[in-house]
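A.B. asks: Take a look at the letters that make up each chain.
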Amino acid sequence: MHRHTCHGSAPPPSSRKGLKKIALVGNPNVGKSVVFHSLTGAYVTVSNYPGTTVEIARGKIRIGRTEYEVIDTPGMYSFIPLTEEERVARTVLLREKPDLVLQIADAKNLVRMLPLTFQLMEVGLPVILVLNMMDEAEKIGVKVDPQRLEELLGIPVVATVATTGRGIEELKERIRVFRGGGKEGASSILDYSEPVESALGDICALLKAEYGFPKRAVGLLLLQGDKEIREQVRKEEPRDGYSRIEELVGKTQAHFVHPLGYHIALRRFDEATWMVAQASMPPSREMRLTLSEHLSRLTMNPWTGSLILLAVLYFGIYQFVGVFGAGVLVDFLEGRIFEGVVNPRITAWVVRSIPYATVQDLLVGEYGVITLGVRYAVALILPIVGTFFIVFSVIEDVGYLPRLAMLIDRVLKRIGLTGRAVIPLVLGLGCDTMATIVTRTQETRRERVIATLLMALAIPCSAQLGVILAILSGKPTALVLWAGTILLIFVLVGYLASKLIPGEKPSFFLEIPPLRMPRLGNILTKTLARMEWYFMEVFPYFLLASVLLWAGQLTGVFQAVIAALQPLVQAIGLPPEAAVVFLFGFFRRDYGAAGLFDLQQAGLLSGVQLAVSAITLTLFVPCIAQFLVMTRERGLKTAFLIALFIFPFAFTVGFTVNFALTALGVQI
Amino acid sequence: MEISEPAEEVLEALWTVLEKKNASSTALQDIGFKRGDREVEELFKLNLIRSVDGEVEFTEEGRKLAEDIVRRHRLAERLLVDVLDLKGKLVEETACKFEHLLRDGVDEHICILLGHPKICPHGLPIPPGRCCEKEEEATGRIICPLSDLKPGEGGKIAYIYTSDRRKLERLMVMGLLPGSPVTLIQRSPSYVFQAGQTQIAVDEEIANSIYVRIVEGETSPEKPPTRGRRRFRFGLRKGW
Chain H
2 MHRHTCHGSA
12 PPPSSRKGLK
22 KIALVGNPNV
32 GKSVVFHSLT
42 GAYVTVSNYP
52 GTTVEIARGK
62 IRIGRTEYEV
72 IDTPGMYSFI
82 PLTEEERVAR
92 TVLLREKPDL
102 VLQIADAKNL
112 VRMLPLTFQL
122 MEVGLPVILV
132 LNMMDEAEKI
142 GVKVDPQRLE
152 ELLGIPVVAT
162 VATTGRGIEE
172 LKERIRVFRG
182 GGKEGASSIL
192 DYSEPVESAL
202 GDICALLKAE
212 YGFPKRAVGL
222 LLLQGDKEIR
232 EQVRKEEPRD
242 GYSRIEELVG
252 KTQAHFVHPL
262 GYHIALRRFD
272 EATWMVAQAS
282 MPPSREMRLT
292 LSEHLSRLTM
302 NPWTGSLILL
312 AVLYFGIYQF
322 VGVFGAGVLV
332 DFLEGRIFEG
342 VVNPRITAWV
352 VRSIPYATVQ
362 DLLVGEYGVI
372 TLGVRYAVAL
382 ILPIVGTFFI
392 VFSVIEDVGY
402 LPRLAMLIDR
412 VLKRIGLTGR
422 AVIPLVLGLG
432 CDTMATIVTR
442 TQETRRERVI
452 ATLLMALAIP
462 CSAQLGVILA
472 ILSGKPTALV
482 LWAGTILLIF
492 VLVGYLASKL
502 IPGEKPSFFL
512 EIPPLRMPRL
522 GNILTKTLAR
532 MEWYFMEVFP
542 YFLLASVLLW
552 AGQLTGVFQA
562 VIAALQPLVQ
572 AIGLPPEAAV
582 VFLFGFFRRD
592 YGAAGLFDLQ
602 QAGLLSGVQL
612 AVSAITLTLF
622 VPCIAQFLVM
632 TRERGLKTAF
642 LIALFIFPFA
652 FTVGFTVNFA
662 LTALGVQI
Chain X
740 MEISEPAEEV
750 LEALWTVLEK
760 KNASSTALQD
770 IGFKRGDREV
780 EELFKLNLIR
790 SVDGEVEFTE
800 EGRKLAEDIV
810 RRHRLAERLL
820 VDVLDLKGKL
830 VEETACKFEH
840 LLRDGVDEHI
850 CILLGHPKIC
860 PHGLPIPPGR
870 CCEKEEEATG
880 RIICPLSDLK
890 PGEGGKIAYI
900 YTSDRRKLER
910 LMVMGLLPGS
920 PVTLIQRSPS
930 YVFQAGQTQI
940 AVDEEIANSI
950 YVRIVEGETS
960 PEKPPTRGRR
970 RFRFGLRKGW
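Chains H and X, in that order, are what the protein sequence lines are.
Under our numbering, the very last position in the first sequence is 669; numbers go up by exactly one each time.
Under our numbering, the very last position in the second sequence is 979; numbers go up by exactly one each time.
Extracted from the complex, chain H is given alone in its bound form (with noise of 0.2 Å):
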């Protein structure tokens, strides 16, 4: 039995010092991160995998008297990896040699969670296969036999409800009492007939090298075409044996139309479809619509879908990030608290207890970094792009943003993006800083690239169009010039720009979860991670931007740049005090915002000047944060070129358009 050799070599079970490792495992979209903080609790830590941009989150959890690290791994569909996220979650899983795996399935959807348990099981990690959101599959009458399916797979299977906690104890439970690797004979749990099996058979005995999994997995990998084991298997073993093997391969390929690959997956589609079958009761067909799929269908129909989309964006957007966010929060912040309280005892303070003119302007001076950059960030930042991050996360945990991006796909298509481009757009709205970061989830270089290149330009984040509202809100006409203006700019540049820059179009492929009310825990928890990034990655910016300015002013550099900037700024038929508006805007794109605010306060600013300096503002330079950003993501060549195309594009169109309205005699 040429088979026997295929057996074996399983991880070894923990031998190792340290703590016992639990990687928790799953598709997208099945609940995965809630059984992460169901199991770990508060303390997690989240950074960058070693050499990639994917993040991994680690926790720890004690049951009974042992502790465990748990790793959350990024989502997998299957272990031949497709995307980065995938690349990552397979590598933590082959080089990390988990204790134990927890794959975290959907219980609705058996029939597509199975064919990456067979192929965990194959490469012979200890798994326990959890159940998760049976509330849901219950809900559409989809009855699941966990003891039935364990006797099929010969794992532990566990039902739980993350969501709620229900069986996380029993989940606990069965941890604490798992014995042991991956089980004798686990690796060959599908067979996959003729020709496949007498191909594995003979590389197994081909396969010399030791490669931390069963052989036979290696050679499954080797047939369905991975490029990774690929290299290792020729890297490890005599060049002979390898080019054995690809001849081995080439042959058994022979046989079929479609690569191996698919043929391997319809095998394990088959057995899993068995499985289901065995294990669980279907729907029944006289299933009724859900509220939630009617709501669902509602967001999803182009009429009434667009209706629910200006809804969300009127009263998510600018009735709560707008009016109170930006206004009612921003007054008493700015207004009550540091006009009132913090700015003139801090002065105070400082001019009392240093005597140095020069260090008092750096901290409490006209751009001091308490009185302008604390001050904007706490009072005019803060309460702005927390009310953003609260609205985004709703419509984030209700499984709003699928719905748009299906609603919206073909009109990205015209610019080169896909649907999937809602998610760091909207969240540009936001902060583009983070937004650009976001741009990863595109799936080719050329949506990248497109998607940081409008965020730059036509993009306002949320601190920037809290202010503008507030400025234009007095004058209807300018502000439909100024959203009409940036509006078109989007789409004539997107549309440009899919022209020119070259690359495969994308496909849209999307899958739409369920509509779930959204929870209180995981919103405030989503927006409190994503403020404190803001604050830990972007504040740093608005002190050092205060530093600079205040630098700046101190050696004159500042005086010469708003000198050369004033022509510009003239010939855009601005007043030469806006030039300073746009140096702000360098630093940071609310601060130039900010800056036009105090103008028109001042009185010295026309309609036509507002809606020109509005305008050309959203298109000027993103900040500095979100710049280095974009040289760390695309590169510093495609950075450079974007700043260099932005900063004469957005003088132009503000010359345009003040040239137009002037020559109209437009009055605003």
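Calculated from the structure, these hints are not laboratory results.
Computed from a predicted model, the values in this text were never measured in an experiment.
Using N, Cα and C, we set each Cβ at its ideal position, and we do this for glycine too.
Certain hints may be false.
Coverage of chain H stretches by chain X, computed from C-beta distances (three or more under 8 Å per stretch; other residues unrestricted) [claimed, not checked]:
#1 104-113
#2 200-208
#3 251-264
Given chain H's structure and the hints, the job is docking chain X onto it.
C.D. replies: Frame of chain H; chain X shown alone:
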């Protein structure tokens, strides 16, 4: 034009070789024939092929005829695989006999029935016929792209038509494989369909590449409302 079946085989072989080489002419031995073979001489006599630089190429008329033969052969393969569920060597053997029967518009009927397939089961393109250009629809079609379904209609996936391996893999890992049940929910602004308990939104290009074997049971029949209260089922309200 009436030509012998062996001569048809020569035309078909020449088409296949030229398609593979992406050339306009090739040597006769590449297709396993030589000058003097009866079927080859027949084609020369009928002015369907001609020689250039020691190789042979189609005449205009010959190309049209070959295209028609290849189309019939590949449609036959599709029919055998998708509808009659034949597998392996049997497909090729039967298709070779079957193609000769698909004349005088029979091929169009089959093409419509199969939803104007664009590739044969081996992944080679099926030359489009007149019916494909007009995109005629028959009420009794058996297989058609997801994009041709009406909301509420459904069936099982017959095959995925795409030359993009990444796309095939994406669909594969989502469990969209031959045999999995799908029901179309809406067509606009994006195609949304139900696969198992999951809803998936795709653009037109992907919807065009998923071919569905229509199952009568999957298109839920309208039933009278019970006890005066309206009950909703999939597809009951078209256009949602």
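A.B. asks: Taking a Cβ-Cβ distance under 8 Å as contact, does the stretch 104-113 of chain H have three or more residues in contact with chain X?
C.D. replies: Holds: 5 residues of the stretch 104-113 of chain H have a Cβ under 8 Å from chain X.
A.B. asks: Within the assertion that chain X covers the stretch 251-264 of chain H, do at least three residues meet a Cβ-to-Cβ distance smaller than 8 Å?
C.D. replies: Answer holds; 5 residues pass the 8 Å Cβ test.
A.B. asks: Are there three or more residues in the stretch 200-208 of chain H whose C-beta lies closer than 8 Å to some C-beta of chain X?
C.D. replies: violated (count 0)
The structure fails to meet hint 2 from the earlier list, while all remaining hints are met.
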